[in-house]
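Visitor: Since the structure of chain A is provided, determine the placement of chain B on it from the hints.
Number of protein chains: 2
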Amino acid sequence: MLSVEQLVTLFEHFRKANSFQGKVAELYQPASYLMDLGGKRLRPVFTLAAHQLFEDQIDSSLAGALAIEVFHNFSLMHDDIMDQSPLRRGQPTVHIRYDTNAAILSGDWMFVHTYELLSRYEPVLAYDLIQLMNQTAVQVCEGQQRDINFEKMDRVNEMDYLEMIRDKTAVLLGAAAQMGARIASATKDDQENLYTMGLHTGLAFQLIDDYLDVYGVQTGKKSGGDIRQNKKTILYIKTMERASEADREELLSLYQEDEPDKITRVVRLFDKYEAGDYLRQLTLEYSQQATAALNQVNVDPGRKINLISLLNELLNRNK
Amino acid sequence: MLSVEQLVTLFEHFRKANSFQGKVAELYQPASYLMDLGGKRLRPVFTLAAHQLFEDQIDSSLAGALAIEVFHNFSLMHDDIMDQSPLRRGQPTVHIRYDTNAAILSGDWMFVHTYELLSRYEPVLAYDLIQLMNQTAVQVCEGQQRDINFEKMDRVNEMDYLEMIRDKTAVLLGAAAQMGARIASATKDDQENLYTMGLHTGLAFQLIDDYLDVYGVQTGKKSGGDIRQNKKTILYIKTMERASEADREELLSLYQEDEPDKITRVVRLFDKYEAGDYLRQLTLEYSQQATAALNQVNVDPGRKINLISLLNELLNRNK
Chain A
-14 MLSVEQLVTL
-4 FEHFRKANSF
6 QGKVAELYQP
16 ASYLMDLGGK
26 RLRPVFTLAA
36 HQLFEDQIDS
46 SLAGALAIEV
56 FHNFSLMHDD
66 IMDQSPLRRG
76 QPTVHIRYDT
86 NAAILSGDWM
96 FVHTYELLSR
106 YEPVLAYDLI
116 QLMNQTAVQV
126 CEGQQRDINF
136 EKMDRVNEMD
146 YLEMIRDKTA
156 VLLGAAAQMG
166 ARIASATKDD
176 QENLYTMGLH
186 TGLAFQLIDD
196 YLDVYGVQTG
206 KKSGGDIRQN
216 KKTILYIKTM
226 ERASEADREE
236 LLSLYQEDEP
246 DKITRVVRLF
256 DKYEAGDYLR
266 QLTLEYSQQA
276 TAALNQVNVD
286 PGRKINLISL
296 LNELLNRNK
Chain B
-14 MLSVEQLVTL
-4 FEHFRKANSF
6 QGKVAELYQP
16 ASYLMDLGGK
26 RLRPVFTLAA
36 HQLFEDQIDS
46 SLAGALAIEV
56 FHNFSLMHDD
66 IMDQSPLRRG
76 QPTVHIRYDT
86 NAAILSGDWM
96 FVHTYELLSR
106 YEPVLAYDLI
116 QLMNQTAVQV
126 CEGQQRDINF
136 EKMDRVNEMD
146 YLEMIRDKTA
156 VLLGAAAQMG
166 ARIASATKDD
176 QENLYTMGLH
186 TGLAFQLIDD
196 YLDVYGVQTG
206 KKSGGDIRQN
216 KKTILYIKTM
226 ERASEADREE
236 LLSLYQEDEP
246 DKITRVVRLF
256 DKYEAGDYLR
266 QLTLEYSQQA
276 TAALNQVNVD
286 PGRKINLISL
296 LNELLNRNK
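Heads up: the protein sequence lines correspond to chains A and B, in order. Position 292, counted from 1, in the first sequence is what our numbering calls 277; the numbers after and before it change by one each time, with no gaps. Position 95, counted from 1, in the second sequence is what our numbering calls 80; the numbers after and before it change by one each time, with no gaps.
Chain A with its partners taken away, still in its complex shape (with noise of 0.2 Å):
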């Protein structure tokens, strides 16, 4: 059984051997420029780590872990324009190195080739594929919208919260493991329970993203991104919902404003009313229904070290 390093070596290895290339050059070079960026890899190990719960040989995961990886890399240079991001993993982002237009133009081809890397899959296989990356994709551009929705409102409660990053981030993770489940034709039962490992994990892991963002051990990223940008994550929203009337006249006053001790004010008032604490237990909550749903599967628990274990590093993160 290959560990997730190897399966992570195993899936580099296939991008650079089907790397991006046709007719005119421009197209395919900012595609190529943010996929070498890196990145952890996570979605596409899903796929494969899901696909060898159920046998060994899971070359035939590796179209479908690419489909997915450009698919998110898709997102993220469309994710980019809009909110204005200049950087990605610490590099310029698509249209500051290139341009709006390429930025644009390139992630409409990565989207095409997402379904043609599906596409290479015999036609009853890839149109379940299919079907399940035009259900997960519909979702995702809907939790960007209401991501983009979210910035207008001063209120926002936390279920809408829970919808917009179970859409935006967490069900892209849950077709991931689905989809190496599906190709190694498994149970309708164990795809499903895939599928709910990923998507408890993907909230779980953007739920430990906005709490490390306030309370981690900063590791390159100034703390607080979040609040600078006046973010509504939980922490806020709890917040507002727990506050005192004049605690929260002051949180909301504090988030129209940019004035040096807007963090550390926003901080106190999150500690006051223990948002921190609630954000931890959302947390343990979705990381403990990926575990049981990982547990369902029914597949010798051998076979399920290298998913127990990429869960706790994932879910115990604290940076």
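Source of the hints: derived by calculation from the structure; they are not laboratory data. Remember, it's a predicted structure, so these values are computed and weren't measured experimentally. Possibly wrong hints are sitting among the right ones.
If several chains are the same, the list does not tell them apart, and a pair holds so long as it fits within one copy or across any two.
[Stated by the list, open to error] Calculated lysine to aspartate or glutamate pairs in the DMTMM-like style (CA-CA distance at most 25 Å, straight line): (1) Lys173 - Glu107; (2) Lys8 - Glu148; (3) Lys247 - Glu234; (4) Lys1 - Asp68; (5) Lys173 - Glu230; (6) Lys8 - Asp68.
Guide: Just chain B now, with coordinates in the frame of chain A:
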């Protein structure tokens, strides 16, 4: 047999019965806005008319026809951002009416929706239609990239220009016609002939656009828009190719300025080198190839009446 007008009505009825909706209204409104601006519905009519060559009951082609039209509108939405076009069909473009982010994201959703519509077919048919869509979508992206590249070049040769309009415009008409034939379970040969018919119609159609922009009776659009925007159409390319060194330098310098008499002086050069005649000859050749391909289709000539009159109308228009 349904007339072209009846095909449009059938399509519009289906389109309205399949209006865009989902959980996040802001994602769907810009897409509906653009689709509701209308247009000739040429591509879906090609799909339906191609199907009708083979059988009377053509309802099964409606989802494919809508997929093609949704894809077309997706590409318009993103192209209008890239080209900074303020108007589309006399109304504000999506990035003007809403904003650029809406045009990016709602366009992305339309792209997914194209594949959702094609996934309504049974797996083997859906697979073929998706392959056709993938190949077409890659070409459309490449065509748009070529067009962007041309803006930065002084010289473009005729072959490059024709490849650009083939990819950016004509292949989608080819795919539209082939799709109707495939859904009707036509033979490979008939599918290919209908693709060729659509492709050459698309090429001729675009060349007629280029001609009428300079020489047409004006209908609302200001004459010579392509010249004002320094577009390197066949008229420009052929003049550059045929002109004396002095005239070539004049044309080059006219294309770098914005004098009040620019259009008159450019047209004088086009006329001097009979670029208009060359363009009309080229258009005629593509038109004849389109008709020849339709002639090859192995069905009773009586069934071709609709498509023949549609081609005649498209290829002999003067506005």
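Visitor: Determine for every hint whether it applies to the structure shown.
Guide: A quick look at each hint next to the structure:
1. Lys173 - Glu107: both (19 Å within a copy, 20 Å between copies)
2. Lys8 - Glu148: between (41 Å within a copy, 11 Å between copies)
3. Lys247 - Glu234: Classified as within; 14 Å inside a copy, 61 Å across copies.
4. Lys1 - Asp68: neither (29 Å within a copy, 33 Å between copies)
5. Lys173 - Glu230: Neither. Shortest intra-copy (50 Å) and inter-copy (72 Å) distances fail the 25 Å Cα cut-off.
6. Lys8 - Asp68: between (31 Å within a copy, 22 Å between copies)
Violated hints for the displayed structure, listed by number in ascending order: 4, 5.
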